[in-house]
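Residue numbers (the numbering used here), protein chains in the order written: chain H, 3 to 367; chain C, 1178 to 1305.
Just so you know, not all the hints are guaranteed correct.
To be verified - Covered stretches of chain H (in silico footprint by chain C; criterion: 3 or more residues with CB under 8 Å from a CB of chain C, positions within the stretch not fixed):
| id | segment |
| --- | --- |
| 1 | 106-115 |
| 2 | 290-302 |
To be verified - Just a sample of chain C residues kept apart from chain H, beta carbon distances all over 10 Å, derived:
| id | residue |
| --- | --- |
| 3 | Lys1201 |
| 4 | Gly1224 |
| 5 | Pro1264 |
Calculated directly from the structure, the hints in this document are not laboratory data. Idealized CB from N, CA, C, for every residue including glycine.
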Amino acid sequence: MGTKNTVLFNEHVKLNALMAPFAGWNMPIHYGSIIEEAKHTRSACTVFDICHMGEFYVTDDPAKPSLDAAITNPVAKMKNLTCRYGFLLNANGTVIDDLIAYRMADDRWMIVVNASNIDRDAGAISSKLSKEAAFENVSERTAKLDVQGPQSLAVMKRLVGDSIKKLKYFTFDTFDFLGGKYIISRTGYTGELGFEVYTDAAKAPELWNWFLKQPGVKPAGLGARDILRLEAGLPLYGDELTGETTPLDAGMEKFLDFEKDFTGREALLKQKKSGVARTLTGLLAEGRRQPRHLNKIVKDGREAGFVTSGVFSPHLNKAIAFAYVDRGMAIDGTELTVVLEKGETKAVVTTPPFIKNTSIKYREE
Amino acid sequence: MGVPAGYFFTREHEWVKIDGNRAKVGISDYAQHKLGDITFVDLPTAGKQVKQFEVLTGIESVKAASDIYAPVSGKVTAVNSALESAPEAVNKDPYNSGWMVELEITNTAETANLMDSAAYDAYVAGLE
Chain H
3 MGTKNTVLFN EHVKLNALMA PFAGWNMPIH YGSIIEEAKH TRSACTVFDI
53 CHMGEFYVTD DPAKPSLDAA ITNPVAKMKN LTCRYGFLLN ANGTVIDDLI
103 AYRMADDRWM IVVNASNIDR DAGAISSKLS KEAAFENVSE RTAKLDVQGP
153 QSLAVMKRLV GDSIKKLKYF TFDTFDFLGG KYIISRTGYT GELGFEVYTD
203 AAKAPELWNW FLKQPGVKPA GLGARDILRL EAGLPLYGDE LTGETTPLDA
253 GMEKFLDFEK DFTGREALLK QKKSGVARTL TGLLAEGRRQ PRHLNKIVKD
303 GREAGFVTSG VFSPHLNKAI AFAYVDRGMA IDGTELTVVL EKGETKAVVT
353 TPPFIKNTSI KYREE
Chain C
1178 MGVPAGYFFT REHEWVKIDG NRAKVGISDY AQHKLGDITF VDLPTAGKQV
1228 KQFEVLTGIE SVKAASDIYA PVSGKVTAVN SALESAPEAV NKDPYNSGWM
1278 VELEITNTAE TANLMDSAAY DAYVAGLE
């Protein structure tokens, strides 16, 4: 299967983006400088092409949705126009994907999933739905742009009007403008105040260019997105979350609703009793040298874990990473050694987020 | 950015600029562009001896860690310590303030194994 282009491919080419394959898609990595784009997001406003991600619609029984058993999110308890983060799991509790569920109406949900997993997720979810439920994969015709940064609210106000101000963190609504319909949620993957905008693929180029004409708004690629999500302490499917790890390994129990039945529940209850062997933690490196995917971690000459992902944080001027380490070592302040491709670096166990007091805490007066 | 005159280049995209028995070493604009934002330059200690095309030091970018090879043989006499806190100079100004290491050299004939600016320009054009 060839690499796919998003509907914004021509816009990226016009902007001289460095394009590279990611999750089967030809995606912009940066438009000049990953670090400058990460900094711009924390100081102003950035727009990301996230059209590669997948979207499903599920129509189901409002009182006892069969969707409830497919994913860990408490879909039956969610209020309308709210979003919840959760997981799609294997029976043994390991992660098929992480996702966000949007409750559109009493009987309707949108599920947003990772690009690399769209087909697998569609199969796993739809196979668990009742005959009465309807499942639709709208990924191909749905575009998604993320607008993130302290100035994102002001930008969105110019686009949508004052009604955007009513969106609280992890809520959404549908808006009409530029002759189209848009689902906008106050969510994101950067740790900043921000919005995710879903619309028909055909509307995406016009919307993208509208954003880029706004003062203070710049495009950013997946390179900056990776730095930002790591600084914010947000895991990535494929690095921190895999078919080898459970949400308990990742320290993400709060996204599991054990009061309901879901695939993987029994295995996770068992793991909860026995405890995890290794757990996901943050690492703050002593300097600029970057721990990278699968670098070994050593403590007192003994192997104690491995790095899942690492970046140079331009906001801390140090490298940061996520790693799975032996349970006893996942205590803030523990000093570990990361074995790099060449040489090594010291790092200190640090509970993420690495960057605090960002604009994400914004509340409308 | 064009390739400036008066520099010699390796096939691995290091440059050397020779002034008497001193040679400054860095990486080309093509290399910094390919590597992306440079986040760390491992500056060698003064006195280190290195032979032509041996590993001189290493650099890291947002994308990868890479070796830097010595374009000529010599002894490290100085390093660009400004890169410790601001390695982005390698991206912004690779041929001047982005220099990494100064070597004391004894054999200027080694430049015969390198490309001059015009040859490197053509070499890079062939890689695109």
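- Query: Does the no-contact call for Pro1264 (chain C) survive, Cβ to all of chain H over 10 Å?
  - Reply: Check fails; 7 Å does not lie beyond 10 Å.
- Query: Should the label of Lys1201 (chain C) as a non-interface residue stand, given a Cβ cut-off of 10 Å to chain H?
  - Reply: holds, 23 Å
- Query: For the segment 290-302 of chain H, do three or more residues have a beta carbon lying closer than 8 Å to a beta carbon of chain C?
  - Reply: holds (count 4)
- Query: Per the coverage rule (Cβ-Cβ under 8 Å, at least three residues), is the segment 106-115 of chain H covered by chain C?
  - Reply: violated (count 0)
- Message: Would the non-interface assignment of Gly1224 (chain C) survive a Cβ cutoff of 10 Å against chain H?
- Response: holds, 19 Å
Going through the hint list in order, the structure does not satisfy hints 1 and 5.
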